[in-house]
Amino acid sequence: MKKVIIPVVLVTLVAFVAYKFFYKKESSEQQKEIPLTVSTNDSLTGNVGGALQAYYNLKDAFVKSDTSLVNKEASVFIEKIAQVETGDIKADAAIVELAGQLKQNLANETNNLVTTKELEPKRKVFQVISDQLFDFLRTIGYQGSTVYQQFCPMAFENNGAAWLSNTTEISNPYFGSKMLHCGDVRDSIFTAKK
Numbered sequence: 001m002k003k004v005i006i007p008v009v010l011v012t013l014v015a016f017v018a019y020k021f022f023y024k025k026e027s028s029e030q031q032k033e034i035p036l037t038v039s040t041n042d043s044l045t046g047n048v049g050g051a052l053q054a055y056y057n058l059k060d061a062f063v064k065s066d067t068s069l070v071n072k073e074a075s076v077f078i079e080k081i082a083q084v085e086t087g088d089i090k091a092d093a094a095i096v097e098l099a100g101q102l103k104q105n106l107a108n109e110t111n112n113l114v115t116t117k118e119l120e121p122k123r124k125v126f127q128v129i130s131d132q133l134f135d136f137l138r139t140i141g142y143q144g145s146t147v148y149q150q151f152c153p154m155a156f157e158n159n160g161a162a163w164l165s166n167t168t169e170i171s172n173p174y175f176g177s178k179m180l181h182c183g184d185v186r187d188s189i190f191t192a193k194k
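One point on numbering: in the numbering used here, the residue at position 131 of the sequence shown is 131, and numbering is uninterrupted.
Honestly, the hints are just simulated from the structure, not real lab data. A quick note: this is a predicted structure, and the numbers were derived from the prediction, not measured. Careful: at least some of the hints might be erroneous.
[As the list claims (entries may be wrong)] List of simulated lysine-lysine pairs, DSS-like, C-alpha gap at most 30 Å:
#, residue 1, residue 2
1, 64, 80
2, 117, 80
3, 124, 80
4, 178, 124
Make a model of the complete structure from these sequences and hints.
The structure is reproduced here in structure tokens:
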């Protein structure tokens, strides 16, 4: 009888130790998978909202195909994006650094847009600005009004291009009145306030 009890106790003990070892290892791995959170204050959200409104005005200038209005609205966007303080983001240092880089890229590309003379090359720069702004909003966890990413598959010789809008209605900045409603909503950003 003792010969049977000792192996059963040993097997039970080994199973218990193995369970504890693997269970704790799995729990610590699950904790590592929790995504980083980003927290913003009302001032940052307000400044980003102001930059977004300036962007929407810039988009509308492209819809109208008005080069001088594009330059004017781009200058306003540069001012508004400069007011966004990425240091106000409460997040991992890498996220704050990425947000700062994206903000700087937005300013640089918008300056390029202003110095570009012709409307069609300006539209190509606007595409870059649109993509970077969408990435910026996602990076900072923007907590304002819903932002829709819209996409036209026919823009730039059927390579496609995206832009942002505060409405689901399509007003294509890449074709203006030629193909005003070409495109659809591809994505959106809406983060409810915590």
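Hints versus structure:
{"no.": "1", "hint": "64 to 80", "verdict": "holds (22 Å)"}
{"no.": "2", "hint": "117 to 80", "verdict": "holds (22 Å)"}
{"no.": "3", "hint": "124 to 80", "verdict": "holds (21 Å)"}
{"no.": "4", "hint": "178 to 124", "verdict": "holds (17 Å)"}
Consistency with the previously given hints is maintained throughout, with no hint failing.
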